[in-house]
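Following the hints, position chains H and G against chain D.
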Amino acid sequence: MYLTADWKKCTGCRLCLSVCCLCHFDEANPKKAALAIDAKFPEPGTFHPRVCDQCGTCASVCPVEAISRNKDGVYIIDSEKCTGCGACVEACPLKVMFIHEDSIVPIKCDLCKECIPVCSTRVLSIKE
Amino acid sequence: MFAYGGKVLRINLSTGQITVKNLDEKLVRDYLGGRGFAARILYDELKPGLDPLGPDNKIVVASGPLSGLFVPGAGKITFAAKSPATNSYGDSNMGGMLAAEIKYAGYDVLIIEGKANRPSYIYINNDRVEIREAGQYWGQGAITTEKMLKDDLGDQFQMAVIGPAGENLIKFACISHDFGRQAGRTGIGAVMGSKNLKAIALRGSKSLKIANPKLLKTLTGDIITQCQKHPALKLWLNQGTASVTVWSNEQGSFPTRNFQSGYFEGYKNISGDVMLKETIVTNKACFGCPMACGKYARTKKNNRTYYVEGPEYETAAMIGGDCAIGNITDLTYANWLCDELGIDTISGGSVVAFAMECYEKGIITDKDTDGIKLKFGDIESFEKILRKIAYREGIGAILAEGVKIASEKFGQGSDKFAMQVKGLEISGYESRKAPAMMLAYMTCDIGAHHNRAWAITHDIAVGRDKIEGKAQRVIELQHIRPVFDMIGCCRLQWVELDLSLEYYPQALAAATGLNYSLDDLLKCSERVWNLSRLFLIRESKNFGRHVDYPPARFYEEKVKNGPTRDSIAKKQDIDKLLDEYYRLRGWDENGKPTPAKLKELGLL
Amino acid sequence: MKIKLGGYGILKNYVGPPENAREIELPQAKSLKDILQEMGIPDGMVMLISVNDEQKNLDYVPQEGDEIKLVPPVSGG
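Here the protein sequences come in this chain order: D, H and G. As numbered in the numbering used here, the first sequence has no gaps in its residue numbers, which increase by one up to the final residue, 128. As numbered in the numbering used here, the second sequence has no gaps in its residue numbers, which increase by one up to the final residue, 1604. As numbered in the numbering used here, the third sequence has no gaps in its residue numbers, which increase by one up to the final residue, 2077.
No lab work stands behind these hints, which were simulated from the structure alone. Check before you lean on any hint, since a few could be wrong.
Chain H is nowhere near these chain D residues, computed Cβ spacing over 10 Å in every case [as the list claims (entries may be wrong)]:
(1) LEU15
(2) ALA59
(3) CYS85
Computed cross-link-like contacts, BS3-like style, restricted to lysine-lysine with a CA-CA straight-line distance of at most 27 Å [as the list claims (entries may be wrong)]:
(4) LYS2033/G x LYS1234/H
(5) LYS113/D x LYS1301/H
(6) LYS1150/H x LYS8/D
(7) LYS2056/G x LYS9/D
(8) LYS9/D x LYS1150/H
(9) LYS127/D x LYS1234/H
(10) LYS40/D x LYS1466/H
(11) LYS1466/H x LYS2012/G
(12) LYS1229/H x LYS2056/G
(13) LYS113/D x LYS1147/H
(14) LYS1234/H x LYS2012/G
(15) LYS8/D x LYS1234/H
(16) LYS1234/H x LYS2004/G
(17) LYS1229/H x LYS8/D
(18) LYS1277/H x LYS2012/G
(19) LYS1301/H x LYS40/D
(20) LYS1234/H x LYS9/D
Backbone N, C-alpha and C fix where the C-beta goes; we use that ideal spot for every residue, glycine too.
Same shape as in the complex, but just chain D (with noise of 0.2 Å):
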């Protein structure tokens, strides 16, 4: 199970990656988020949203073996066994693990499905 964008319809208004925030760290802050949207204007004037597909190429290049699979097949890092490396955001071939200065840990998308309903144009969906 992972989380899909239909970039087409997005209006880049980040209440995504503000209820991301809010839900996992209980405070307000759009760079703390698992999913990010790159803006391209003036030319052409579109939204990309870039979400995790849980692909698993953070798990492979874990050193410490940090970030493991669960039921859902959604990656979750343990944050007590990672050392934040970086070698995970580095490996990511959607960029969609972030790091911020507040912690060591990257954050990464645990497919909590906060992000979905906040959308009213329906850009997030879940494909199995």
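Leaving out everything else, chains H and G in the frame of chain D:
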């Protein structure tokens, strides 16, 4: 302090001094944020009578407590200064990403003072603040400059920039951001230009603490679900504010040919439907907005492709109707021209429409215009005159002062159709048969702007010729709507998707831990309204009720055609509206707040 | 024939909010335009009409059981 950035950043461009201070808690208590902060700071810090385009003027950039949070429409920021258009308190509200970004950098307020000795821009990356050289950007268009800065600094930076109009001190120059959002009104872009300040580039990555994150999440989650169920959401997502163009014409409230009429025969060619078919590329939202009124568009003209956000309703009204630019390609191109030059489309449209009428009437001639044959509906002469204005060339230097001063220079009765109040051009609603809307324009604290009290639906609901009760409704709206400019949110979710006003004090409490009732918020709003009035009184050489009068066209000339044809405002009704308005506000018969009212608001 | 009529914004004052819509008994079929006129809702107050979540115009003639929502004009900024 929860939800606030907690810091005030002060930058003096003359001395290069940069200081950071904690946000004053009393300021928070009485003025909340945004426009409230701006009005109080400017009233306290600006010497009376100073030149708005001199180094003593200050620009206040202020977000609100809800800006940047998980709150619908939490992307509004206020730019304020003493306005070169009105010589009094001026502010303009802008969406986009800047309101959020400034708070993530840790600041609620930026105060910009002095004047740089050469073209400069302010660089803010969290705690790192620098005044940098902007020689390479000076002279460039606003859209171009923003792109250059993004290329130079990175996409994570948010910019507020001016175009050539701001550099050349055009009194209706805007501040641009996010490729299509503007702080358009009252000429704050010219104040930036007067300080040699081309841009502010800002990046923030800090977190904001929330008093009760779980509650905020639930409250906002519910309210967003409500927004999504609203039947108007689809229309709004498809057309944005342009969806009002057709209605406005049906009501005869669409300013046409410099407000000679309230109905533009070509309106169907510039409506939201046409945009949907021909120009819209992407629906573009400001931070946290579920309804995305921004219509990012593309059009081809003279073998070149232009990208621009818009036209929104006000642009359609003030350039489409008021200058009679009746096809979507030309209108979109005109919108791009204004955005790139850094001109407010509302005042810009009104100024060009005024010039077109002056030319038509022979008040100005080919000799004055250097041969430009100004004609309603003609995009070529529109472009030529707009460029002359932006660079203050020839007659452009006079028009660059706005319609009030231009009409004083041109004379020959042109002041009667210089469509402004207090020096600010009237925005997009013909109001001769809409007394509440007219009163809203007359009494708006920054000059004739619609956003403080969009009262025309009240006129239609209770009777368009009725005078009684209109002042009451205008005052209510003048308190409700500016609350949004104080808390740092957009009002359109409330106006258009019927989001309950009660949500805001609840969200404010969940975010900040501060308990305000809706009435408390409205009281703060009334305080700011009276404070900006005091500012106007302080700056006026000859203050009196005449400052609240509409242009003579509204009471001396009938609407030429359309559904409101032959309607006219009566002078005695205008006075009746003002009398009632002043009385209900606790102001004297000349429009001065009484000591009792000022005491009640804690302003005395 | 019975229909439900609810309104947003300023129109709530005439027909109640959508969640508490006013039930109206219609002795004979007539257009929404006529119905609204009889209720004293001024021309120009209704910008968008949703009937069972589909967009309709003033010429629409309501059918038994229709849930109608009226939306007032937007503010253009």
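Status of each hint after checking the structure:
| no. | hint | verdict |
| --- | --- | --- |
| 1 | LEU15 | violated, 6 Å |
| 2 | ALA59 | holds, 27 Å |
| 3 | CYS85 | holds, 21 Å |
| 4 | LYS2033/G x LYS1234/H | holds, 23 Å |
| 5 | LYS113/D x LYS1301/H | violated, 44 Å |
| 6 | LYS1150/H x LYS8/D | holds, 23 Å |
| 7 | LYS2056/G x LYS9/D | holds, 25 Å |
| 8 | LYS9/D x LYS1150/H | holds, 24 Å |
| 9 | LYS127/D x LYS1234/H | holds, 26 Å |
| 10 | LYS40/D x LYS1466/H | violated, 50 Å |
| 11 | LYS1466/H x LYS2012/G | holds, 21 Å |
| 12 | LYS1229/H x LYS2056/G | holds, 17 Å |
| 13 | LYS113/D x LYS1147/H | violated, 34 Å |
| 14 | LYS1234/H x LYS2012/G | holds, 20 Å |
| 15 | LYS8/D x LYS1234/H | holds, 16 Å |
| 16 | LYS1234/H x LYS2004/G | holds, 22 Å |
| 17 | LYS1229/H x LYS8/D | holds, 21 Å |
| 18 | LYS1277/H x LYS2012/G | violated, 33 Å |
| 19 | LYS1301/H x LYS40/D | holds, 22 Å |
| 20 | LYS1234/H x LYS9/D | holds, 13 Å |
In summary, the numbered hints that this structure violates are 1, 5, 10, 13, 18.
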